[in-house]
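Colleague: Please construct the entire structure, taking both the sequences and the accompanying hints into account.
Residues per chain are reported as follows:
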Amino acid sequence: MGKYSGLPDLALLNKISEQDARALEELYDRYSPILYSLINKIVPDKRIAEIILVEVFAIIWKKANQFDLGKGSVYTWVVTLARNRAIDNIKRTRSSNELLDVYDDEYEDFFIIPLLDEQIDSLDFNTAMNIKPKMAEALDNLTDAQKYVLHLSYYEGYSLDEISNKLKLPIEAVREKIMSAVHNLKENLLGS
Amino acid sequence: MADKAIDQMISAFATGSLDRDNFIQFKKYLLRGGEIPRGELGEQQNVMSLIPIILEIEQPDEKIKEQVAKKIIEIQEKIKTRELANAEQERVPLIEKLSGERILQIAELKKQKSLHDSEIPRPTAAGPPVTRESVKVKTVHSTIPWILIIVTLIILIITTLYFMKLNSDLEEQIVEIRNQLVGFQSEIANTNEFINDHLGLIEFFNYKDVKIVNLIPINAAEGSWGRLLISFESGEGLLQLKNMPGLESGEVYQLWMVSKDVTYPLSTILPRVDVKYYKISNIPYLPAKDINLFRITKESRADVPSPEGTAYLYGIFLKEPDKKRK
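Residue numbers (the working numbering), protein chains in the order written: chain A, 1 to 192; chain B, 1 to 326.
A couple of the hints might just be wrong.
Unchecked claim - Derived EDC-like pairs (lysine to aspartate or glutamate); straight-line CA-CA distance at most 20 Å:
| # | chain 1 | residue 1 | chain 2 | residue 2 |
| --- | --- | --- | --- | --- |
| 1 | B | Lys63 | A | Asp45 |
| 2 | A | Lys46 | B | Glu58 |
| 3 | A | Lys166 | A | Glu187 |
| 4 | B | Lys28 | B | Asp7 |
| 5 | B | Lys28 | A | Asp105 |
| 6 | B | Lys4 | A | Glu176 |
| 7 | B | Lys27 | A | Glu118 |
| 8 | B | Lys4 | A | Glu172 |
| 9 | A | Lys63 | A | Glu25 |
| 10 | B | Lys63 | A | Glu25 |
| 11 | B | Lys65 | A | Glu55 |
| 12 | A | Lys147 | B | Glu56 |
| 13 | B | Lys28 | A | Asp29 |
| 14 | B | Lys78 | A | Asp105 |
| 15 | A | Lys71 | B | Glu40 |
| 16 | A | Lys3 | A | Asp45 |
| 17 | A | Lys62 | A | Glu50 |
| 18 | A | Lys166 | B | Asp19 |
| 19 | B | Lys27 | A | Glu106 |
| 20 | A | Lys166 | A | Glu176 |
Read the hints as simulated data drawn from the structure, not as lab findings.
Modeller: Right, dumping it as structure tokens:
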């Protein structure tokens, strides 16, 4: 057990923002399995998934100071960051070159680093892991259509327009389905 | 209606399904402090981030952790380099901030100090004074490294050429020595072959009373000849035969010694290509002066008691030089 293994996520991220490499190591030990599984779900090529995982921790190291320590939801920030980075990768492989934005610091700050709600509730790794059975149940209770639109947007990175074209549904219907899917998931989770 | 639109935007933002333009627009709206239902986006963001926990969790390869560590080291090095570059850049604006008058004043002071120092050179605790000579010395000093580099390069080139030539000479010598060695090996092989061929002859000359008899053909037209070396003390002899006619099946050559009209059989010989000297033993001891003749006949069978076949070669002891005449 490392010196930092008992520290909560928030303390770790605080130390990382002060360039404490051991804190990053602990965060890696804690989060790399779920982040790798998520990235690999989005990007099936293991080699590319590994590269993205390294990139994600490099971003955390560089940009930890952009995390608002007052918000407290380190888990959501880290997972969303990893999801955004992996989705950016597959979007770039899908797009034609002329439509691509240059990936630089500015782009990373705006499109990859998550902007969390000012009022977000605290959520850390251990709490998230404890919710796992409830989450599985909550997802199971969604309709197939809701599950599918969530899959298309969250894991495949399709926009509302793209989902609309893909499912041959009006854009308004897709917006509605996405919203209802998230609301239902939230309610299922809170209610279970 | 507007509330519903906001709700939909929040859900699309939380699920990451806004297209690029709408994402930019909504994020800027949030960054500007745009109104949204309190806590709604946060709740949806938390819910969406929980989706991956139901995935089958897979451990990344151990090497990835090392790669992260390497990446962090690279980032830190880049940051340090950037900080150094920034610090260097910050020094320039400081100088630029000084007014032109102030710069002129400083330049004038430096000039006066330099002239003063060149007139009255004196040592100071801060180091040697700056004079024209020291400027020259500095110029010379600045060229020294270049001279050293050029000299080093020349030495390196010369050394390389010298060793290349040395190497080439050594290779030639090695080839020459190898050729000599091959020659010596060949000579040794020839010598060994000669010794093996003539070992019997060499050993035979250990006897003190060796006498030689040249055997010549009875018919001078034939090319056959022989040589007999004989030692009566040891009762042994060596017979060399050349160009002897072939024998029929069962036929042999027989060497005879004739003394006082008595013919003694010495040896039966079957010529062989691989034998240079045929060893003869049990030669009866007779005074050399009593021996009239040696003869080789072709016999129809071995062990005939007296010559029956054709005589081929004959020979006698050479007369020793007359000592009195000498």
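Colleague: All the hints need checking, so say for each whether the structure fits it.
Modeller: Do the hints match the structure? See the list:
no. : hint                : result
1   : B:Lys63 / A:Asp45   : holds (17 Å)
2   : A:Lys46 / B:Glu58   : holds (11 Å)
3   : A:Lys166 / A:Glu187 : violated (28 Å)
4   : B:Lys28 / B:Asp7    : holds (16 Å)
5   : B:Lys28 / A:Asp105  : holds (18 Å)
6   : B:Lys4 / A:Glu176   : holds (9 Å)
7   : B:Lys27 / A:Glu118  : holds (13 Å)
8   : B:Lys4 / A:Glu172   : holds (11 Å)
9   : A:Lys63 / A:Glu25   : holds (16 Å)
10  : B:Lys63 / A:Glu25   : holds (13 Å)
11  : B:Lys65 / A:Glu55   : holds (12 Å)
12  : A:Lys147 / B:Glu56  : holds (18 Å)
13  : B:Lys28 / A:Asp29   : violated (34 Å)
14  : B:Lys78 / A:Asp105  : holds (14 Å)
15  : A:Lys71 / B:Glu40   : holds (14 Å)
16  : A:Lys3 / A:Asp45    : violated (34 Å)
17  : A:Lys62 / A:Glu50   : holds (19 Å)
18  : A:Lys166 / B:Asp19  : holds (15 Å)
19  : B:Lys27 / A:Glu106  : holds (14 Å)
20  : A:Lys166 / A:Glu176 : holds (16 Å)
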